[in-house]
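Trainee: Residue 128 in the numbering used here sits at position 128 of the sequence shown, with consecutive numbering throughout.
Note that these hints are calculated values from the structure, not bench results. As the structure is a computational prediction, the values presented were derived from the model and not from experiment. Where a beta carbon is used, it is the ideal one built from N, C-alpha and C, also for glycine. Hints are not guaranteed to be accurate.
[As the list claims (entries may be wrong)] Here are the simulated lysine-lysine pairs, DSS-like style, with alpha carbons at most 27 angstroms apart:
1. LYS68 <-> LYS21
2. LYS68 <-> LYS37
3. LYS68 <-> LYS103
4. LYS117 <-> LYS16
[What the hints assert, rightly or not] Pair ranges (Cβ atoms, derived):
5. GLN138 <-> MET108: 50 to 58 angstroms
6. GLU134 <-> SER23: 43 to 51 angstroms
7. LYS25 <-> GLN138: 33 to 41 angstroms
8. HIS72 <-> SER38: 33 to 41 angstroms
9. GLU134 <-> GLU19: 36 to 44 angstroms
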Amino acid sequence: MIFFEENNITIFNDAKLTETKSSIKIDLSNVKNTDLKSISNREALFSQYINGIESYALFMISGVADEKLAFHSTSKAYLKEAQRAFVLLALANVDNEDVDNVKHLYFMWNEKQTAKKLKFKKDEISRELSECEERSIQSICT
1 MIFFEENNIT IFNDAKLTET KSSIKIDLSN VKNTDLKSIS NREALFSQYI
51 NGIESYALFM ISGVADEKLA FHSTSKAYLK EAQRAFVLLA LANVDNEDVD
101 NVKHLYFMWN EKQTAKKLKF KKDEISRELS ECEERSIQSI CT
């Protein structure tokens, strides 16, 4: 988000996100007051941003867009942008029900990304194991 970079606003770095499989908590205690003042009159900009990400999520969740295809090309960017949206929503005290589609797609794609990474690690370990030669020395006493 160019506005934040141009104004040296570090809210997204200062906010701490803690997530489980189905919830996300945002700790804003490290967010600087000067940053909060800088963004206090930008509601329209943030509203457009949130509406855009909500629309994107709605297209995926409703089946209007091809979610499987979109996952492969946009999931990493979407996850990052959704995290930013969660921070902005926490700052604005927005009701969670207003962004159900964003959360639903976020948790679904986050789990898919985790599974994708784990599968890659599993395949890597399997390759390494297949290259290992197990040898043993037979005891002469048995």
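Trainee: State for each hint whether it applies.
Mentor: The hints, checked one at a time:
1. LYS68 <-> LYS21: Roughly 20 angstroms separates the two Cα atoms, so the pair holds.
2. LYS68 <-> LYS37: violated (40 angstroms)
3. LYS68 <-> LYS103: With a Cα-Cα distance of about 17 angstroms, the restraint between LYS68 and LYS103 holds, given a limit of 27 angstroms.
4. LYS117 <-> LYS16: holds (23 angstroms)
5. GLN138 <-> MET108: 50 to 58 angstroms: 53 angstroms Cβ-Cβ, so the 50 to 58 angstroms window holds.
6. GLU134 <-> SER23: 43 to 51 angstroms: This hint holds: roughly 44 angstroms between Cβ atoms.
7. LYS25 <-> GLN138: 33 to 41 angstroms: At 58 angstroms between Cβs, range violated.
8. HIS72 <-> SER38: 33 to 41 angstroms: holds (37 angstroms)
9. GLU134 <-> GLU19: 36 to 44 angstroms: About 40 angstroms separates the Cβ atoms of GLU134 and GLU19, which means 36 to 44 angstroms holds.
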